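All chains, please: the whole structure from these sequences, using the hints.
Quick note, the sequences are listed as chains A and B, same order. Read in order, the letters of the first sequence are residues 1 to 332 in the UniProt record's numbering. Read in order, the letters of the second sequence are residues 1 to 279 in the UniProt record's numbering.
Derived from the structure by calculation, the hints contain no laboratory data. Just to be clear, a hint being listed does not mean it is correct.
Stated by the list, open to error - Below 25 angstroms or equal to it, Euclidean Cα-Cα: the simulated SDA-like pairs (lysine to any residue) are:
#1 B:K173 x A:H89
#2 A:K116 x A:R178
#3 A:K266 x A:G235
#4 A:K15 x B:S100
#5 A:K107 x B:L109
#6 B:K173 x A:G137
#7 A:K203 x A:G251
#8 A:K101 x B:L109
#9 B:K166 x A:G39
#10 A:K15 x B:L109
#11 B:K173 x A:R151
#12 A:K74 x A:T25
To be verified - Chain B regions said to be covered by chain A (calculated; three or more residues, Cβ under 8 angstroms):
#13 170 to 182
#14 258 to 267
Treat the numbers as computed from the prediction; the structure is a model and nothing was measured. C-beta: ideal position from N, C-alpha, C; glycine also.
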Amino acid sequence: MGALELKAVGKSFGKTEVIRGVDLTVEDGEFCVFVGPSGCGKSTLLRIIAGLEDASAGDILLDGQRINDVAPAKRELAMVFQSYALYPHLTVRDNMGLALKQAGVAKAEIAAATDKAADMLALGPLMDRRPAELSGGQRQRVAIGRAIVRRPKLFLFDEPLSNLDAALRVATRIEIARLHRELAATMIYVTHDQVEAMTLADKIVVLRAGRVEQVGAPMQLYNDPDNVFVAGFIGSPQMNFLKAAALGEQGETLGIRPEHLEVSRKAGRFAAQISHVEKLGGETLVYARSETHGLLTTRLFGEHDFAVDETVHLTPLAERGFRFDAEGQRMR
Amino acid sequence: MSSARTSLGRTVAAHAVLIAYTVIALFPVFVILINSLKTRKAIFGDPLALPLGKSFDLVGYQTVMKQGDFVLYFQNSMTVTVASLFFVLLFGAMAAFALSEYRFRGNTLMGLYLALGIMIPIRLGTVAILEMMVASGLVNTLTALILVYTAQGLPLSVFILSEFMKSVSNDLKNAGRIDGLSEYAIFFRLVLPLVRPAMATVAVFTMIPIWNDLWFPLILASAEQTKTVTLGAQVFIGQFQNDWNALLAALSLAIVPVLVLYLIFSRQLIRGITVGAVK
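In C-alpha cells:
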C-alpha cells in the first residue's frame, strides 16, 4: 500500500517554471530520495505530492488513484519538516495524537498508537513535555513520531536532518533507516546532502532546475552516471573533470573519481602543483592544480606526506573514467 | 545578570535616567490624582501640594457620585472599548491572515488599501458617518460607536498583524493542513496564539484612543443612556464656571479601567515572548 506515480507533473509560479514535466514511479515500500542543489525544485515536488501546492500540469497517483484534487489530510500521508513544525502549545502526546483526533479516532486507540510510536522512538519520558522543553534532536524524533502515529501510506521527509548537529544527524539517519525497515513503508526524502541520499536510498532521483536528471539505485548512479551533472553531484569528494583532448581520449570531458587519479613524485601523464593537503587519518586528500585541467582532487588511502607547492605527476586510470560529450551527456 | 556585564556606576546612571523619565511621564497623572482629593481653594492656592490635613477633601468624588450616572457612563465606555477591541482584533487578524497566507491577484494592492486608513483620519468622514447613522437609525446607540471605532482601529491592526503573520512558520501551518486541521483551526489554534504579542500591542494602541475619545460620543451618542465617561465628565465644564473637583475626580476614576486593561494586555505580551515557538 503506497505506490506513488507522477505523470508529467509540472509547476509554475507565474511565468517561472520550477518543475518541468517530471515522470516518476516510487514502488510500494521503497525509500526514494530526491536530491539536488538548492533551488532545483525538490522541495516543491514534495509539496506537490503532499498537496500543499497544486500541480500546474500532470497527474499524481497514489495506489493508482489520482489525488490531484484530494486535500492533504485525506491523502493518507505524513510529513516531517526541516523546522520540526511541532505545535508549540501542545504536549508531545497531543502533538502526536492530533491527526488521529482530527480524523475522529477513539481516544483509547489514539493512546495506543501514540504509545507504540513513543516506544519505537524512545520518547516515553518526554510525552508530557511541550516542544519548547525539548532539544533539537528530541523535537525531530517527536516530529517523526507524529508521522508514524498516522500509519500513512507515504512518509514525506523535507530535509529533516538539516537543523541537527553532525553527531545527531548520523544517529537520526540510522534511526530513519531502521524505521524504514521496521515499518516497510514507502518513504520520500528530500535532501541536498548526497551522503544522506547514498546511505538511505533504495532509489535516488537527481533533480536539476525542475527536471529529473537521472533515477537509479545509489551505486548505479555512482558507477554509471548519465551525464556530467549526476557524475559531479554523486560522490564525495567530487569527481574530477579533465579535458579529454589533452589526454588523447574521445569526447569532450573525462570524468575521474578522486580515488582513480594516481599521484606520483616520479612520473605520470601530466604535472600538477599541490595547493592543499587534507589528512583525515584513514585517507589523505591531495588537491593539485594542473595548467590544462585546473584544480584536481585525489584520494589516497592511509597517511601520505606531500608538501604544498610540491610538483607531482598525476595519472588518471582511464579505464575507470567516464567520457562525456560536449553537451555533458555520457558517451557509452 | 552576571557581574561581568554590569558595573555599579552604569546601573545607577541607567536607573537615574529611567526614573527621571518616569517622573516626567507620570507627573500630569500625579497632579490630577492629588488635586482630585483637595478642596477647591487648595487646588488653586497650591496645585502641587499634597492633600494633607485641611486641604484633603473628597467633595469631587461625592459630586461625581451624586451628579449624573457615572456607573452607567463607565459601563458604556467599557462596553464600547471592549467590543470595538474584540472586533478590531478579530477582523484585523482575519484580514491579516488572508493577506499573508494566500496568494491571490491584487494581494499587495489590497494590503495597501486596507492600510491606507492609518494615514487618513476617520474624523474627516464625520458628516457622512453621521448621515449614515441617522439613516440606519443608530444614532444614540452604543452600536454606532462600536462600528465607528472598529473601522478606525482596523487599518493599523491589519498592517501590524499581517507583518507578524508572515513570520509564522509555513511548515507549522502545513503540518496542520496535513494533520487535517481546517483553515479556521489553523488560524485560531496555531497562528493566533503565536502572534499574541502583536495582538496585545495592537490592543493597547487601539484601546487608548477609543477610551479617550470625545468627538464621536458627542456627535453620535450624546443621549444620557449612551454617554461615555469622557462625555459625562463634560458636565463639570460649564460656560462660566468649571467644577474642577468633580472634573479631576472623574478623570482620576477614568484612568482605572484602562489601566486594568493595559495590565492584562501587557501580561499577554510578556507571556507571548517567553513561550517557545517553532524551533
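- Task: List, from low to high, the hint numbers that the structure doesn't satisfy.
- Result: 3, 5, 7, 8, 14
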